[in-house]
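*Asks:* From first to last, the protein sequence lines stand for chains U and W.
Taking the numbering used here, the leading residue of the first sequence gets 1, the next gets one more, and so forth.
Taking the numbering used here, the leading residue of the second sequence gets 1, the next gets one more, and so forth.
If you are wondering where the hints come from, they were derived from the structure by calculation, not from laboratory data.
The beta carbon of each residue, even a glycine, is placed where N, CA and C say it ideally should be.
Certain hints may be false.
Far from chain W by the CB rule (all over 10 Å, computed), these chain U residues [stated by the list, open to error]:
{"#": "1", "residue": "ALA87"}
{"#": "2", "residue": "PHE92"}
{"#": "3", "residue": "PRO224"}
{"#": "4", "residue": "ALA430"}
Cβ pair distances, simulated, as ranges [claimed, not checked]:
{"#": "5", "chain 1": "U", "residue 1": "GLY337", "chain 2": "W", "residue 2": "GLU255", "range": "57 to 65 Å"}
{"#": "6", "chain 1": "W", "residue 1": "PRO59", "chain 2": "U", "residue 2": "VAL384", "range": "41 to 49 Å"}
{"#": "7", "chain 1": "U", "residue 1": "MET1", "chain 2": "W", "residue 2": "ARG279", "range": "40 to 48 Å"}
{"#": "8", "chain 1": "W", "residue 1": "ALA137", "chain 2": "U", "residue 2": "ALA226", "range": "54 to 62 Å"}
{"#": "9", "chain 1": "W", "residue 1": "LEU283", "chain 2": "U", "residue 2": "ARG26", "range": "28 to 36 Å"}
{"#": "10", "chain 1": "U", "residue 1": "VAL384", "chain 2": "W", "residue 2": "GLY235", "range": "30 to 38 Å"}
{"#": "11", "chain 1": "U", "residue 1": "MET1", "chain 2": "W", "residue 2": "SER328", "range": "25 to 33 Å"}
{"#": "12", "chain 1": "U", "residue 1": "GLY337", "chain 2": "W", "residue 2": "MET1", "range": "27 to 35 Å"}
{"#": "13", "chain 1": "U", "residue 1": "GLY367", "chain 2": "W", "residue 2": "PRO59", "range": "35 to 43 Å"}
{"#": "14", "chain 1": "U", "residue 1": "ALA111", "chain 2": "W", "residue 2": "MET1", "range": "39 to 47 Å"}
{"#": "15", "chain 1": "U", "residue 1": "GLY367", "chain 2": "W", "residue 2": "GLU255", "range": "56 to 64 Å"}
{"#": "16", "chain 1": "U", "residue 1": "ASP330", "chain 2": "W", "residue 2": "PRO59", "range": "31 to 39 Å"}
{"#": "17", "chain 1": "U", "residue 1": "VAL394", "chain 2": "W", "residue 2": "GLU47", "range": "39 to 47 Å"}
There are 2 protein chains.
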Amino acid sequence: MNLPVHVAVRAAISPQLPALECSGLRWTWAELACEARARAQGLRALEVRDGELVAALLPNGAELVALVHAAQLCGAPLLLLHPRLTARELAFQLCDARPRLLLHGAGELAARAEAAAAALPGLRRVSTPIGVDAEPALALRTSTSLSDTAAVVYTSGTTGSPKGAELSHGAFVWSAIGSAFHLGSVPGDRWLDCLPLQHVGGLAILVRAALSGAAVTVHDRFDPAAVGDALDRSGVTLVSLVANMFERVLDARGERPAPASLRCVLVGGGPCPPALLARARALGFPVATTYGLTEAASQVATLPLERARQPGASAARPLFCTELRIVSPDGVALPAGAEGEIAVRGPTLMKGYLGQPEASARALRAGWLHTGDVGRIDASGDLVVLDRRSDVIVSGGENVYPAEVEAALREHPAVSDAAVAGEPDEAFGARVAAWVVLLPGRQPPGERELVEFCRTRLAGFKLPRRIRIVAALPRSETGKLARSELVGPHTPRQRV
Amino acid sequence: MNLPVHVAVRAAISPQLPALECSGLRWTWAELACEARARAQGLRALEVRDGELVAALLPNGAELVALVHAAQLCGAPLLLLHPRLTARELAFQLCDARPRLLLHGAGELAARAEAAAAALPGLRRVSTPIGVDAEPALALRTSTSLSDTAAVVYTSGTTGSPKGAELSHGAFVWSAIGSAFHLGSVPGDRWLDCLPLQHVGGLAILVRAALSGAAVTVHDRFDPAAVGDALDRSGVTLVSLVANMFERVLDARGERPAPASLRCVLVGGGPCPPALLARARALGFPVATTYGLTEAASQVATLPLERARQPGASAARPLFCTELRIVSPDGVALPAGAEGEIAVRGPTLMKGYLGQPEASARALRAGWLHTGDVGRIDASGDLVVLDRRSDVIVSGGENVYPAEVEAALREHPAVSDAAVAGEPDEAFGARVAAWVVLLPGRQPPGERELVEFCRTRLAGFKLPRRIRIVAALPRSETGKLARSELVGPHTPRQRV
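Taking the hints into account, I'd like the entire structure generated from these sequences.
*Replies:* Encoded structure:
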């Protein structure tokens with residue numbers, strides 16, 4: 001089925017409502033639609049036709065937001081390249097997806113775009129902004145087929161080799177609808193986005209905003225103090241954060257209670273420590289933990305809004321359009337309470353991995369996305385995510401979930417942060433290794449003390465065999481723990 | 001595509017949120033889902049299979065709400081019979097739609113159901129409640145195809161002869177989504193429904209509530225004082241009213257200002273007088289005027305929420321999933337500002353009129369519903385509805401189709417011709433007036449005799465309140481009845 005182009009229909013309904021605030025610039029929906037049309041004219045002038053992939057290497061900002069809507073006006077799917085990728089990583093995505101055009105920002109980004117584009121001879125590079133002075137003469141689309149591809153988003157998925165998840169407009173639209181019916185949506189809402197817009201979570205916010213008449217405040221980088229201040233000053237009603245970022249925002253805010261305007265802090269991208277939940281809720285923050293992934297256009301299951309202030313609540317329920325089940329390794333659905341692989345079905349799923357029929361067929365079986373993540377659904381229907389299978393340590397035939405061991409270590413009074421990963425081991429296949437950041441000004445515990453501390457909390461096979469004290473842990477640009485960097489060469493992962 | 005059954009998925013997400021309040025009864029979503037499953041078991045025990053039409057003659061109440069959800073659990077489309085229709089009117093709908101089963105309430109409703117069902121030999125009649133003690137043993141549906149029929153809703157459309165608009169689950173789902181993105185929706189919302197649930201507007205509220213996690217307060221009849229009090233006492237956030245009902249609610253409330261909890265009063269079903277809008281807004285009521293019709297599953301265009309408190313605002317913008325245009329009599333799209341027939345396109349449209357391929361093809365052309373209503377779209381994009389071509393009379397919140405009343409009058413042996421139109425009425429907004437031409441050489445019937453004659457054929461709200469005997473009726477040169485000439489010079493009605 002078809003829907004009118006998002007930015008155009010929102011500008012038709014609510015031209016005067018705020019649409020975007022970014023680096024001091026403010027646009028209403030009428031203004032954003034106008035800017036998007038100018039850039040769409042620019043794309044047409046660059047001979048971008050319906051269905052042709054457009055790549056963009058741009059930082060978070062108004063130019064990128066306008067381009068996202070412009071591409072829909074041209075029927076062009078987008079490949080949004082993360083601005084922190086190396087030329088080599090960019091070249092991989094360009095050669096894999098083969099876009100029609102590469103738009104890029106100025107300065108160092110232009111140099112990196114040039115270096116990356118060398119890998120794909122004939123790729124046209126164009127510096128932004130485009131189409132600002134274009135004559136509004138070329139035909140744009142007025143409607144979008146929900147089955148058309150909106151974006152190709154690279155993710156390492158469950159195997160580590162980056163693959164381009166092909167997401168339709170329908171996937172983003174149903175994700176926006178599911179999110180609205182889960183967390184509520186009111187024209188005049190304001191989403192704060194301090195995550196990279198290139199991620200599926202950032203793109204999903206732009207679609208939600210257009211469909212529901214919300215404004216988006218975009219931060220060009222994550223600054224905990226700036227986020228903390230924006231919550232109080234900008235009438236933010238919804239914000240999406242990773243647990244670690246949220247913790248830093250709370251640190252920056254000190255004891256300031258949550259502003260009354262804030263309806264929900266959506267915390268995803270990994271487990272949310274109970275202590276963080278308790279601290280935030282004590283300050284009045286409504287916190288909804290969420291489980292999502294690129295292949296499902298962001299949210300899959302989220303804590304319902306009415307439980308966001310409930311002490312201890314950290315599980316999730318699927319969006320109304322999404323079905324969940326737990327399956328055994330051979331794909332058989334398991335009963336309530338059983339641990340197994342999380343499988344997802346519904347209209348938010350990707351079409352598949354671009355140009356990878358075999359990987360797509362492994363991931364999508366009979367309409368179910370096999371996520372590679374491990375969890376259980378308890379008798380009440382709550383999804384409890386135990387770990388991402390990609391990080392599961394299989395040691396001596398037992399599954400060890402790093403998140404569980406990390407949580408135990410963090411409970412030690414001298415520990416500020418912890419990360420756990422598997423290291424190769426001749427006897428057990430893998431052994432549990434831990435990296436620990438200590439709190440300053442305390443008697444540093446020895447390795448044996450920490451292991452004994454864990455022993456009261458964890459089964460023997462889960463205990464760390466080696467613990468290193470480090471100054472900081474590797475985290476992705478979104479604040480997610482980059483466990484893979486602990487034990488070997490960097491593998492880009494974009495999981496939200 | 002498929003979605004999980006509405007009541008089941010909402011009970012899975014928000015089991016403890018309130019779902020229904022009616023005549024002192026309160027159900028959470030978990031309880032409503034349980035009641036719906038029991039009745040679905042009852043339907044299965046009555047051998048209702050997927051796709052089989054179930055008719056129900058029930059008053060507004062919990063039984064009817066549970067049945068609406070039960071039918072979805074059985075994959076059974078519904079024919080909800082208005083409890084004020086005569087046996088003869090009911091018989092027409094039953095014979096036209098040929099349901100598998102007729103469920104009915106007790107007492108006088110049972111007698112009327114029996115009389116009506118006599119017209120359709122073999123139709124099984126069953127008194128409610130059903131399935132309350134049923135063993136939960138029979139297979140129910142867990143998901144719904146959006147293309148399956150949810151309900152057949154009778155309307156006279158543009159011609160006067162009642163036709164059953166066949167509305168899919170998709171039509172109701174997209175209507176709920178469009179409404180949520182237009183008016184906002186937050187889990188914990190509460191809709192007040194004092195309109196008959198048999199109408200498309202009432203059914204649409206039940207779907208919206210399930211999808212968005214809102215509660216519904218159902219009144220079994222329209223009592224202005226009770227509605228006025230419920231607004232203050234029940235935390236109502238949204239209410240749907242016809243202009244005349246709204247006026248009576250304001251009268252009952254005196255000078256009490258709007259409660260802070262109320263987010264929107266949706267006023268449809270006819271024009272909303274500017275004086276009423278001004279009076280309501282002066283008291284702080286956020287009023288969104290709306291234009292909708294049965295064939296589009298209720299709302300088509302509605303004043304955006306952010307303009308609901310703006311003095312004088314009474315136009316409408318289409319829902320985000322709905323396209324509007326104004327067409328000439330030969331179906332050509334007209335430019336902004338031109339008056340013509342309102343045409344609508346989008347996923348909320350009916351499949352067609354049940355068993356009426358010709359009438360369906362006249363109404364639905366190349367995906368556009370030709371509404372028969374007259375309006376224009378101004379340069380800013382606002383829809384201004386000028387008149388209903390069908391001449392429908394909205395009296396006390398009920399739709400009266402003149403052609404149907406005329407047909408009843410013409411059946412009287414002394415009547416040669418009849419015309420019916422609405423006259424302004426302080427209490428009901430409009431009242432039904434008739435002009436009758438008598439056959440020569442017969443005993444002229446009195447006004448009372450004609451009304452009593454109609455009473456055996458028409459629901460009470462359709463009866464003429466005044467009948468004039470005239471020598472001839474005004475007709476156009478093509479012989480079409482010029483009803484507008486009966487009630488005085490044509491005044492364009494701002495019907496939004």
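*Asks:* State, for the Cβ atoms of U:VAL384 and W:GLY235, whether the hinted interval 30 to 38 Å holds or is violated.
*Replies:* Between U:VAL384 and W:GLY235, where Cβ atoms are some 33 Å apart, the hint holds.
*Asks:* Does U:ALA87 clear chain W by more than 10 Å, comparing its Cβ with all Cβ atoms of that chain?
*Replies:* Label holds. Min Cβ-Cβ 41 Å, cutoff 10 Å.
*Asks:* Could you say whether the range 39 to 47 Å given as a hint is met by the Cβ separation of U:ALA111 and W:MET1?
*Replies:* holds, 45 Å
*Asks:* Are U:GLY367 and W:PRO59 spaced within 35 to 43 Å by their CB atoms?
*Replies:* holds, 42 Å
*Asks:* Please check whether the beta-carbon of U:PRO224 is more than 10 Å away from every beta-carbon in chain W.
*Replies:* holds, 28 Å
*Asks:* Range hint 39 to 47 Å: satisfied by the CB atoms of U:VAL394 and W:GLU47?
*Replies:* Once the Cβ atoms are compared, 53 Å apart, the range 39 to 47 Å for W:GLU47 and U:VAL394 is violated.
*Asks:* Indicate whether the distance between the beta carbons of W:PRO59 and U:VAL384 respects the range 41 to 49 Å.
*Replies:* Taking Cβ atoms as reference, W:PRO59 and U:VAL384 lie about 44 Å apart, which means the hint holds.
*Asks:* Between W:ALA137 and U:ALA226, does the C-beta distance stay in 54 to 62 Å?
*Replies:* holds, 59 Å
*Asks:* Evaluate the condition: distance from the CB of U:ALA430 to the nearest CB of chain W exceeds 10 Å.
*Replies:* Since the minimum Cβ distance to chain W is about 37 Å, U:ALA430 lies beyond 10 Å and the statement holds.
*Asks:* In this structure, is the beta-carbon distance linking U:GLY367 and W:GLU255 contained in 56 to 64 Å?
*Replies:* holds, 58 Å
*Asks:* Within 31 to 39 Å: is that where the Cβ-Cβ distance between U:ASP330 and W:PRO59 falls?
*Replies:* violated, 53 Å
*Asks:* Could you check the hint for me, namely that U:GLY337 and W:MET1 are 27 to 35 Å apart, CB to CB?
*Replies:* Given about 30 Å between the Cβ atoms, the range holds.
Checked against the numbered hints above, the structure violates hints 16, 17; every other hint is satisfied.
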